[in-house]
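Following the hints, put chain B in place on chain A, whose structure we already have.
Order-wise, the sequence lines are chains A and B. Take the first sequence: its position 25, counting from 1, is numbered 32 in my numbering, and each next residue is one higher. Take the second sequence: its position 132, counting from 1, is numbered 136 in my numbering, and each next residue is one higher.
In short, the hints are calculated from the structure, not lab data.
So, partial list: chain B residues that the calculated Cβ filter (under 7 Å) puts toward chain A:
#, residue
1, Leu39
2, Glu43
3, Lys44
4, Arg45
5, Phe47
6, Gln48
7, Gln65
8, Met68
9, Phe69
10, Val72
11, Ile148
12, Ser170
13, Tyr208
To give a feel for the contact side, a few chain A residues facing chain B, derived at Cβ under 8 Å:
#, residue
14, Asn16
15, Leu20
16, Thr21
17, Asp23
18, Leu24
19, Ser26
20, Leu27
21, Thr36
22, Arg38
23, Leu39
24, Ala42
25, Arg43
26, Gly49
Simulated crosslink set (DSS-like; lysine-lysine; CA at most 27 Å straight-line):
#, chain 1, residue 1, chain 2, residue 2
27, B, Lys44, A, Lys22
28, A, Lys22, B, Lys160
29, B, Lys78, B, Lys44
30, A, Lys22, B, Lys156
31, A, Lys19, B, Lys156
32, B, Lys40, B, Lys74
33, B, Lys44, A, Lys45
34, A, Lys45, B, Lys78
35, B, Lys160, A, Lys19
36, B, Lys191, A, Lys22
37, A, Lys45, B, Lys74
38, B, Lys160, B, Lys70
Predicted model, so just to flag it, every value in this text is computed and none were measured. Just so you know, even glycine gets a beta-carbon here, dropped at the ideal spot from N, CA and C.
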Amino acid sequence: MNTTMTKINQSKLTKDLTSLEDGTSVQDTFRLANARNKALRGQRSRSNTWSWLVLGSSCAALAIIMLTPLSMETSPYVDTTLAINEPELFAAADQDEGLSFYYWLDVYDTYE
Amino acid sequence: MMANLISQSKEPEISQIASTPESATLPYETMEEFLKGIEKRAFQMAKMSTSRYEDALDIVQETMFKMVEKYASKPVQEWKPLFYRILNNKITDHYRRQAVRDNIFIWKRLDNEQNDDFSQPDLSSHPDRHSEEPDEVLMRQQRIDRLAEGVKQLAKRQREAFLLRSWEGLSTRETAYAMGCTEGSVKTHYSRALEKLRDQMDEYHYD
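Excised from the complex, chain B in its bound form:
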């Protein structure tokens, strides 16, 4: 009990993650398969965080480069938390650079605010959606738009916790490693995110 509390109060090590039951079966064996499976999700997450298409693409690209360059030799079970840790760090770097740029080039900040190129993909054009009723597709599209807009409004740490837990399905421990914080902090950020997304999340509650 006491050991569990102590372990929750400090940032987990990557070696602890490899032994978690969640990482027992993995749908990938090579780095190529891993990146192929994760790239679209990472891109959408980066897009939600940066609101700019080109920046999101750059961030994912940089993350993939670093992942291959530095961590390809690590055990497969550690890849996912490592990847998201790099991604989160790249997003943080992006915010820092953006803040410096905005302070120096004020006219560019105004330009950026006007040219927010964040837009959700049109689900109706996706081949899998043709099997669904049009009304259902439309409702889902609206639901996703609302959710994505809500997620975009969250604080950075809350957004990270929400996306990694709800979308990627990482455990609290894996999320803590990816975010570089304690498991307790993850729980706090995640619950605050859910609280802020209450209106959007209403549609995801059981009746």
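Just chain A, with the same shape it has in the complex:
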């Protein structure tokens, strides 16, 4: 094992491998420098966090949109008779007024 390793001209090998590294194209060098600057500024973590936030809120909104109509349509227990519309409200008010008249009459009769 050692005989194979010691026979190698390490400096020649390193020189060739370094040539390979030096031969990196200008475009690749530029892209690597760009990646390095982004890494140093920590841009990925922020964009990553934002993307997760956007994804999460989108999913939540979608879930709300999908569930809301279902809950409204499929709730058969809503008692529609309890819903008060405007004429009924006035009728009830009239009825109250009528009752107060009879209370007054009752009181009046008692003292008379």
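Same frame as chain A, but now just chain B:
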């Protein structure tokens, strides 16, 4: 003697690496200088491992992000082994994802095999090469092409051991940390790599 054997039989700790003589003088002090000095080599190594230009670039980019994000506060001596450990892990992740993708999208696997965009840079166009004789440049180019092709054919662990030891010049201990194995395993992988590269390495033997 016994302590040395025991230490070789288990994965080294990063704290042990900082005290090695190899890491005494370092040509970088800041993270920017460190990344600037290592990025091209890491890119070429990733290219040899993945055979795909875009994947290699992504791997190096991810490695740099993680290095800055998690390990910038570590001592400078530990940066290089840490960087290569992250790089190797990213390459392993790439292989795993690739295997899953290949199993699901069979037609993409065929496409990938056809579109292997691995190519060596043309050294003749490099400014430093103009001082050399054309024959010498051509011979070196052919030698490097053969070596790179041989390295590409190696098993993953053997390739890692070969590149980290021969190219990056890491010590056995640093290589062991970067590969996440014992020093004994590094020696085995490295010698097997040299054995497999015997034909290509003939040109690097002393006459």
